[in-house]
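Chains as they are written, first to last, in our numbering: chain A, 193 to 406; chain B, 2 to 485.
Honestly, I wouldn't trust all of these hints.
Distance windows between CB atoms, simulated [stated by the list, open to error]: (1) A/E367 - B/R172: 23 to 29 Å; (2) B/A53 - A/T212: 30 to 36 Å; (3) B/H42 - A/P230: 49 to 55 Å; (4) B/H42 - A/D235: 31 to 37 Å; (5) A/A208 - B/H42: 41 to 47 Å; (6) A/D209 - B/E134: 34 to 40 Å.
Note that these hints are calculated values from the structure, not bench results. Note that this is a predicted model, so its numbers are computed, not measured. Even glycine gets a Cβ: it sits at the ideal position worked out from N, Cα and C.
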Amino acid sequence: MSARDEILARVRAATADVTTPVGPRGATPVVEETSPGPGRTLDLFAENVADYRAEVLRVPADEVASVLASALRGRGLGSVVVPSGLDEGWRAALAEVVTVVGEGDAGSAANLDRVDAVVTASAVGIASTGTIVLDHGPDQGRRELTLVPDTHVCVIRADQVVHDVPEAVNRLGGEPHRGRPLTWVSGPSATSDIELQRVEGVHGPRTLVVVLAE
Amino acid sequence: MSTLPVQQTSPTFVGMPSFPEAAREALAKTQQRDNLRNATHTIRAKRAAVVAEVPEWESLRVAGADAKDEALTHLGDYLEQLEASLTANGATVHWARDADEANAIVVEIARAKGVDEVVKVKSMATQEIELNEALEAAGIAAWETDLAELIVQLFGDRPSHILVPAIHRNRTEIRDVFLREMAKVGRPAPEDLTDEPARLAEAARLHLREKFLRARVAVSGANFAVADTGTLVVVESEGNGRMCLTLPETLISVVGIEKVLPTWDDLAPMLQLLPRSSTGERMNPYTTMWSGVHDGDGPQEVHVVLLDNGRSHVLADTVGRQALRCIRCSACLNVCPVYERTGGHAYGSVYPGPIGAVLNPQLRGTASEVDQSLPYASSLCGACFDACPVRINIPELLVELRGAVAEQGGHRAESAAMKAAAWVLSDPRRLAVAQRGATTAGRLVGDRTVRRVPGLGAWTDARDVPTPPKETFRQWWARERGES
């Protein structure tokens with residue numbers, strides 16, 4: 193008997209006592225927090241993102257381009273990689289202050305390792321946990337773009353921020369996110385492995401800047 | 002519950018002494034006890050704070066347990082569904098009855114790729130099957146990339162905690178091992194390395210980055226495997242997981258069959274329960290979800306090895322199967338008064354603490370000394386059950402397992418002692434005689450703690466008996482009140 197058939201046979205024998213049908217479950221409590229209002233949800237989002245020691249910039253939507261440019265210049269960064277579908281206006285503003293590398297020209301991960309920063313849009317934000325979810329669509333780029341460079345500047349629109357995790361899971365399970373690879377980011381990379389002392393920045397970007405466009 | 006070994010794991014833990022023996026040794030390590038106390042209390046407090054933020058935490062636990070129960074009670078159906086969705090997403094699915102079979106599958110894939118190294122994401126399943134040793138035997142180096150796992154690997158050590166495996170080591174030891182060992186396996190640690198955690202993390206970043214950028218094959222586990230969408234989920238903090246899951250051309254994930262979740266929506270309770278229970282954060286820094294092969298993004302060859310290795314045996318026990326709900330958060334370790342004092346090594350397995358005390362004897366059977374003793378490595382205080390995000394009733398399982406061990410004739414001295422105690426306690430005159438005997442002994446031993454009572458070895462080996470009083474309550478009563 194193949195390993196597959198044997199494991200399935202063992203599992204079915206082990207659950208022979210089960211009489212409930214597969215699929216429908218009794219009343220499972222759906223645990224969702226209710227948003228106290230859109231404004232409060234955005235405040236909570238900003239508060240929780242900042243709590244991870246990420247920087248949060250709340251700006252009007254039409255100022256995003258200039259804020260991005262000054263965020264990079266202000267950190268003394270010389271180069272930035274951008275996804276192929278990034279907003280043209282943002283890209284142009286960045287090109288005025290730093291060297292912009294397009295996603296298609298980024299090459300291997302080793303090349304990306306020499307780029308200072310990455311600027312992307314995002315898919316969903318979660319207020320109750322301070323999380324940004326990337327679905328790596330055209331305005332966010334393939335996964336290694338937001339992984340290898342040491343600084344990630346990420347723009348999220350107010351309408352992309354949901355209140356809690358169940359709302360986010362629900363949204364991500366539908367179009368256009370369904371089936372895409374997802375990266376959930378809550379603050380910069382961190383470790384507490386040495387004497388439980390928190391150190392920000394191990395392998396992922398050590399600096400995370402979140403631009404909340406309202 | 003069977004007494005035969007049901008899980009074929011490589012024999013590293015064979016010869017492991019029983020828990021009380023190992024615990025006695027662990028208790029003598031003062032530094033380790035300090036570290037553990039600090040770690041368990043710190044994480045415990047963080048967990049309590051973020052759990053308190055969720056008003057419906059108890060309902061959330063019910064939802065989490067419910068999702069796992071649905072998957073486990075219909076595991077055959079969900080495994081077939083998972084296989085079908087993974088395959089539709091371009092992944093190759095393999096099945097492994099035991100550790101040897103899983104290891105052989107991984108070795109064969111790595112060999113076919115012609116590599117002599119793989120990078121690894123921290124994974125309990127691959128530790129359980131001792132994959133690193135199997136790869137090494139095949140001439141393939143397995144680099145652990147989680148900082149704590151790297152530390153453990155450089156020491157040639159064993160993990161002592163599920164979440165923070167190197168918690169038994171302090172910063173100076175870590176600096177020394179980095180300076181001594183990193184150069185032997187790759188980029189050396191900077192010569193002026195200090196024992197500042199930030200500097201140590203930086204050294205690990207540089208050491209591992211070279212390996213991430215070079216590696217062609219990665220090995221991971223998965224925290225969850227969603228049946229209806231064919232999605233695997235890895236929850237982590239450092240970004241080493243993202244590196245392994247994204248950069249290499251080939252990804253092999255070893256996934257225990259109990260990791261299945263029925264539907265995408267079941268991620269909602271799980272992603273709330275796991276980070277808050279585990280690291281005491283609202284959310285862990287990074288979670289990666291992938292559904293097979295994604296065109297032009299990440300590994301273009303994706304393998305999933307579905308591992309049984311004793312799990313179907315655990316599933317057959319209608320009470321015991323709840324242990325398979327475990328999501329490896331380690332909350333039960335951090336609240337356990339026994340774990341806090343002995344640390345993880347005494348449990349003789351990659352699964353330490355309360356969950357290890359139930360899972361190991363279930364997975365491996367109760368044939369060995371250590372597995373017979375593990376169900377007794379608990380005071381049955383119940384803190385683990387309260388902390389468990391998926392409501393595993395660990396004390397109930399411990400009592401069940403104790404029954405199984407006693408029935409198979411293990412811990413004979415203990416049952417003899419219990420029978421003797423029953424005989425004494427059932428008659429007031431016998432009790433009075435026994436108590437007078439004890440006070441005589443008390444006067445003889447003075448203030449010393451009684452560590453061993455002749456004839457009751459197995460019982461008193463593991464328990465220090467308080468010095469008996471010089472007078473029993475009955476004697477005091479008779480003296481003070483004149484009648485007995």
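Each hint tested on the structure:
no. : hint                        : result
1   : A/E367 - B/R172: 23 to 29 Å : violated, 49 Å
2   : B/A53 - A/T212: 30 to 36 Å  : holds, 34 Å
3   : B/H42 - A/P230: 49 to 55 Å  : violated, 39 Å
4   : B/H42 - A/D235: 31 to 37 Å  : holds, 32 Å
5   : A/A208 - B/H42: 41 to 47 Å  : holds, 45 Å
6   : A/D209 - B/E134: 34 to 40 Å : holds, 37 Å
Checked against the numbered hints listed earlier, the structure breaks hints 1, 3; every other hint is satisfied.
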